[in-house]
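Asks: Sequence:
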Amino acid sequence: MIEWLFAPLWASLNKSLLRRAGKYWSTRSQAVRQRYMLGGYSLVLASTFAAGGFFLSQWKYDAAQQLDKAFVQRQTEQLRGSLLSVNERAWRIASSDPNAQPDVYQAWPVAQIALSLHGILDPSLTGSTIATSDSVADALLVRRSPNDGYWKQLNQPTDPPSSVVHAWVSLTLARFGSPQVDAEVAALLAERTKASAWSDYPGTSDLNGGRAELSSTYATCIAMLALDTALDGAELSPSTRRDSAIALREAALWLRANRVSDGALRWRYSDSTSPSQLRSTGLGISALAFHALLCATARAPDDHQLRDLADDWIETLPEAVPTPLASSSSNSWRQLPNGVQEVDRIRNFEWPWMMIATHDAMKYCSPKHKAAAERWIDRCISQDVSFPEYLADTPWLAAECLFAVRYVTGEQGGLLEP
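For any residue, its number in my numbering is found by taking its place in the sequence shown, counting from 1, and adding 13.
Keep in mind that the hints were calculated from the coordinates and are not lab data.
Everything hinted at is true.
Derived Cβ-Cβ restraints for the label pairs, each shown as a range:
| no. | residue 1 | residue 2 | range |
| --- | --- | --- | --- |
| 1 | P331 | G423 | 17 to 27 Å |
| 2 | G190 | R255 | 16 to 26 Å |
| 3 | G132 | S289 | 37 to 47 Å |
| 4 | Q396 | K376 | 17 to 27 Å |
| 5 | P331 | S252 | 36 to 46 Å |
C-beta: ideal position from N, C-alpha, C; glycine also.
With the hints as extra help, turn the sequences into a complete structure.
Replies: Printed below as a string of structure tokens:
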């Protein structure tokens with residue numbers, strides 16, 4: 014009975030409450046929708062601006078890249094013209110007087126010049142007579158010391174044999190596929206130190222640590238590149254091929270041991286125990302060592318190891334890019350096999366080897382580091398430098414710069430195939 018009395022009142026109250034609740038939630042939903050719509054519009058607008066900025070930056074970067082390519086092409090042509098001119102003079106003089114102007118025309122720089130012009134030496138275009146592997150070998154062999162048959166820097170009778178020159182000659186012969194490479198590589202292997210590395214001159218002694226045998230980072234790296242190139246395409250005897258592969262692995266272990274453990278991927282000039290040399294490093298020698306180590310490591314690839322090395326290299330790149338003339342040397346004293354004490358003044362050039370090493374690192378590094386490496390190389394290679402003025406009197410540096418430019422731009426025929 015009571016339910017019937019309160020039923021109309023309860024129904025009226027429910028309708029009123031539902032109406033008010035509906036109005037409240039309708040108003041609230043409208044406000045929420047407005048806020049969501051406003052947020053959505055903001056998100057779309059922000060995304061549009063971000064996408065526009067990204068594509069604009071990409072367009073600017075691509076335009077810069079196109080500009081850089083044209084600039085690099087001019088650089089390459091300057092270097093080619095300079096070296097082809099030096100090359101013609103070198104071969105012409107060598108035919109009548111192999112000892113003329115020894116700094117420029119002896120085996121070391123001539124090997125570098127021929128290597129940098131690999132694939133460019135075309136008789137129909139340049140009048141050159143050294144477009145074949147045989148003619149390159151002949152041009153180098155005429156520069157072997159006539160007194161004892163060794164490879165020397167200046168071919169003076171009192172000069173000791175040079176493993177550095179021998180390594181550059183072997184690398185060039187291997188790159189051109191010369192039949193003489195097997196004998197040269199076998200002889201180069203015989204010049205290794207007890208540490209499974211190479212010295213600038215076989216038998217060089219450290220003036221510290223009881224005059225122990227001294228191994229050189231520069232000589233070891235060039236020898237490693239010679240072995241790596243020979244293993245890739247040269248006609249080697251089975252024993253030379255086996256010994257070369259073993260020597261390359263052992264030299265890579267020596268390089269790892271000679272790295273300076275201060276957080277940066279840097280190398281010492283030698284394994285000297287001199288207090289002044291224990292932590293002495295340079296960008297040029299470090300870049301060369303990184304390139305040689307990566308070439309050796311890539312033969313037995315460990316993706317994790319290669320990526321760590323590549324990321325470490327890019328993370329420690331200097332903010333300021335080097336100029337083509339930037340170089341360093343150990344300036345350390347050593348005793349040569351002939352008893353002469355001299356200072357190591359081999360110049361380790363930074364510009365070519367830093368670009369080569371950074372380009373190598375891009376093959377294995379993370380995407381974030383790859384973008385940083387690309388920007389660094391762009392800044393390095395796009396410097397407004399007049400190469401003929403820089404390199405007119407230093408064709409060996411011009412050669413290193415040319416095969417570095419050809420390497421990082423992907424042009425076939427550089428130091429090693431990119």
